[in-house]
Amino acid sequence: MRVVVDGVTKTYAGRDGQPLRALAGIDLVVESEEFVAVLGPSGCGKSTLLSLIAGLLAPTGGAIWLEGDLARGRTPTAMVFQEFALFPWRTVQTNVEFGLEEAGVPAAERARRAARCIALTGLDGFETRYPHQLSGGMRQRVGIARALAVEPAVLLMDEPFSALDAQTRQLMQEELLGIWERTRQTIVYVTHNIHEAVYMADRVVVLSRRPGRVLAEVKIELERPRAERMMGEASFLTAVERIWSLIRDQAAEALRE
Amino acid sequence: MTRIPVAHRAAFLARREHRALRVAALLGLLAAWEAVARIGWVPVLFLPSPLGVLGEGWDMLRSGELAGHVAASLWRLLLGFAVGAALGVGVGIAVGFFAVGEAVGTPLIAATFPIPKIALLPLLILWLGLGEPSKVAVIALGVFFPMAINTFTGVRQADPLLVRAAVAFGARRWSVIRKVVLPSALPMIFAGLRLGAGTALLLLVAAEMIAVESGIGFLVLHAGNLMQTTKLMVGIVVLSLLGVLSHWGLGRLERLALPWRAS
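Chains A and B, in that order, are what the protein sequence lines are. Okay, so the first sequence: first residue is 1 according to my numbering, each after it adds one. Okay, so the second sequence: first residue is 1 according to my numbering, each after it adds one.
Hint data in this document are derived by calculation from the structure and do not stem from the laboratory. In this text, all values refer to a predicted model and were calculated from it rather than measured experimentally. It cannot be assumed that every hint is accurate.
Where chain A lies over chain B, by a calculated footprint (3+ residues, C-beta under 8 Å) [unchecked claim]:
1) 160-166
2) 179-192
Dumping the calculated SDA-like pairs for lysine to any residue here, alpha-carbon to alpha-carbon at most 20 Å [what the hints assert, rightly or not]:
3) B/K179 / A/K219
4) A/K219 / A/I194
5) A/K219 / A/E233
6) B/K179 / A/R182
Note that beta-carbon positions come from the ideal geometry of N, C-alpha and C, so glycine has one too.
Next up, chain A with everything else stripped away, as it sits in the complex (with noise of 0.2 Å):
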C-alpha cells in the first residue's frame, strides 16, 4: 500500500487566537513496503503529519490518500504511540484484540490473531498482565502488538521509543527490524533520533521547523538486514552527518523559543 500526501497543510487555532501553522505544504510519497522514518526538530508537526495519515485530523488544505488493494480482514492503517497509549483496564490479551474488536472479527479468530502478534513482540507468558504491571519496554510491545494484530496495509509509528531508556530502545530497535523483515509493512516512522532514523528507514524524510515542509528526502544506502556493526560504515555516518547538517540550525532555533 502506497501512501500520497499531496500538497498537505494544516493550521491549528492558536490559544491567543491567532492562526498557527503546523504544516505548510507537505508532498511525500512513502512507497509499498517502504521503511520510512519522519525526523525533525521538535515542534516541526511530524506527529500532525502521522495523524493526518491516521485520519485522526483532517487537514486544512491538499489531500491524503492511500493507494493499492486492501485485502479482506485488514485495516488501512494502526498507530502505534509515544505514550504506549495502551488502556490501563485491559489486559495485555484485550489490548491486543482492541482493534480486531472494532473491526467485527469473531472472539475465536480474534484471540488466534492476537496469540500470533503475542509470540511475535516477545510477550508469551504475560497475556493477563495488566498494562502498570509491565515495564516501559514491555507496554511498547504490547504497543506494537495492538497495532499489527489489525494487520494494517500502513504501519504508522510516531516516535515509538522516545519515552524508554537508551539500552531498552536500541533492543527495540533491533526487534522492530526482525519484526519489519518478516512482514514486510509499509512503516511511517516518526522520530527526533537521527541515528535512529538512519539505522531503520530506508529513506530519511527531514522537515523544518514550524511550519514544517520537507527539507529533503535522504536515501539510506546501508543492506538489508541492519545490523548494530552497520553503525560505523561510511555510508551511516555521512547520512547521520548529511542530515545533522540540515537540522542544526532548525534545532538551534527551536531551542531559543
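Fit chain B to the supplied structure of chain A, relying on the hints for placement.
Same frame as chain A, now just chain B:
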C-alpha cells in the same frame, strides 16, 4: 580528621501502624460508657448502657421486630439507590461527553443541585402520595446528584490520548463511550457511590419519620416518642452498622470492578 555521623533525619516521618491501639480505643470508649451507665450518674432514660442496648437488640431480633424494620428500610434504600445511581451515571455521561448534553445539563444541575433534598420531601409527598414512591424518590434524588457530578468529572478526566488511540483502532462513538470513557470514569463513579450511600442513609431516616409504620427511621422516632431510649439506641446502632456495611461493601465491589488499578 573528625567523623561527622550521618543521622537518619527522616526517622520521625515514619508512621507505624498501631493495630492494638485501634481496638483499645474502641473498647475503651465502650467500657467508659458502660461504666458511666452502671454507676448511675446518668438515668437510663437518657443514656442506656451498651450491654443493655445489645440485650434489647437481641430480644428485638428474636421477636422478628428488628428484621421487619430492617427489611423495610433496606428495600427503600436499595431501590432508591439503584434508581438514583443509574440515572446519575447516565446523565453524567450525557453531560460529560456530548456538547448538547453539557449545554442542557450544566445549568439545570447547577440550579437544582444546591437544594437540600429533604426540603423536597413534602413536595414529593404531595406529588406521589404518602406511600413508598415518595420515600424512594427522595433517596433517588439524593443519590442522583453526587453520582451525576462525579460521573461527569470522571468522564472529563478520560485521557484524550486513550480516546485517540481507540479511534485510531476503529472505535466509533458508542465504542469510545463504552470502552474508554466509562472505564476511565469508574473510579470517580465509585467515589460517587460512597458519597451517595451516606446521603441515602440520611434521607432514608428523614423519610421514614413521616407517615410510615415500619423502617429504622420509624423505629427511632417511635421509640423516642415513647421514651424507650434503649430501643432508640438499637435503631441508631443498626443505622451505623448499615453505614459501615455499605462502605465496606462498596470498597469490596470497587476492588473487584477495578482490578487494573495499581496497589
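Results for each hint:
For the segment 160-166 of chain B, the proposed coverage by chain A is satisfied: 5 residues have a C-beta within less than 8 Å of a C-beta in that chain, meeting the threshold of three. Beta-carbon proximity to chain A at under 8 Å applies to 4 residues in the segment 179-192 of chain B; the threshold of 3 is reached and the given coverage holds. Between B/K179 and A/K219 the alpha-carbon distance is near 42 Å, which puts this suggested pair outside the 20 Å criterion. In summary, the hint linking A/K219 to A/I194 is supported, as the alpha carbons are separated by about 13 Å, within the 20 Å threshold.
About 15 Å separates the Cα atoms of A/K219 and A/E233, which keeps this hinted pair within 20 Å; it holds. The straight-line distance between the Cα atoms of B/K179 and A/R182 is roughly 32 Å, outside the 20 Å bound, and the hint therefore fails.
Hints 3, 6 from the earlier list are contradicted by this structure; the remaining hints agree with it.
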